[in-house]
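Novice: Could you put the whole structure together from the sequences, leaning on the hints where they help?
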Amino acid sequence: MIPLLLAAALVVVNVDEPGWARFSRSSLLPPGETRITVGTLGYDREHRKLDYWLRRNDAGQTYWTDSRKCPQARDILSAMRFIEREPQSGAIAFFPESIDYTLDTPGSAGQGATHMASGPDTSLAKWVDTAMVALAPCWSPTPPTRPAP
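Here the sequence shown stands for residues 0 to 148, where the numbers follow numbering that gives the first Met the number 0.
For the record, the hints were derived by calculation from the structure and aren't laboratory data. Built from N, CA and C at the ideal position, the CB exists for glycine as well. Watch out, some of these pointers could steer you wrong.
[Unchecked claim] Simulated restraints, written as ranges between beta carbons of each label pair:
(1) Ala-112 / Leu-49: 19 to 29 Å
(2) Pro-86 / Thr-141: 35 to 45 Å
(3) Ser-77 / Ala-116: 20 to 30 Å
(4) Pro-70 / Thr-141: 15 to 25 Å
(5) Arg-47 / Ala-116: 30 to 40 Å
(6) Val-10 / Gly-118: 32 to 42 Å
(7) Asn-13 / Ala-112: 20 to 30 Å
(8) Ala-58 / Pro-136: 10 to 20 Å
(9) Ser-77 / Ser-139: 33 to 43 Å
Specialist: This is the structure we're talking about:
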């Protein structure tokens, strides 16, 4: 009976939940695009901090992690605020072997949306590459759970 009550007290993160940030690395050559969406899982009252979920989409597959199971996720998300905007330069040349990086934060509640895009050797590229390496051991096909409202 107790396991049933505990299961009822948890809710799986919705696979379509939009999140509050998305970042990606893509190229025309394999492996193609890897996109990671970030959202808030809830508030950890014991440690007095927010927990986050992360959803990775690549090659038609979806994987999950969260800041409770993957402590380095919190450090990666904190480092997001130090990404420097690169000055815009005229035309962008695309080559099949080039890698493109993006970071998007949709606006809500009076906050403006942000879109950043760059090629390699930029602050954004370094952050995305670091995030993907740090998060690599954390992914699971199972979505995280949050306390029921």
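Novice: Each hint should be assessed against the structure and marked as holding or not.
Specialist: Status of the hints after comparison with the structure:
no., hint, in the structure
1, Ala-112 / Leu-49: 19 to 29 Å, "holds, 21 Å"
2, Pro-86 / Thr-141: 35 to 45 Å, "holds, 42 Å"
3, Ser-77 / Ala-116: 20 to 30 Å, "holds, 22 Å"
4, Pro-70 / Thr-141: 15 to 25 Å, "holds, 18 Å"
5, Arg-47 / Ala-116: 30 to 40 Å, "holds, 36 Å"
6, Val-10 / Gly-118: 32 to 42 Å, "holds, 40 Å"
7, Asn-13 / Ala-112: 20 to 30 Å, "holds, 22 Å"
8, Ala-58 / Pro-136: 10 to 20 Å, "holds, 18 Å"
9, Ser-77 / Ser-139: 33 to 43 Å, "violated, 22 Å"
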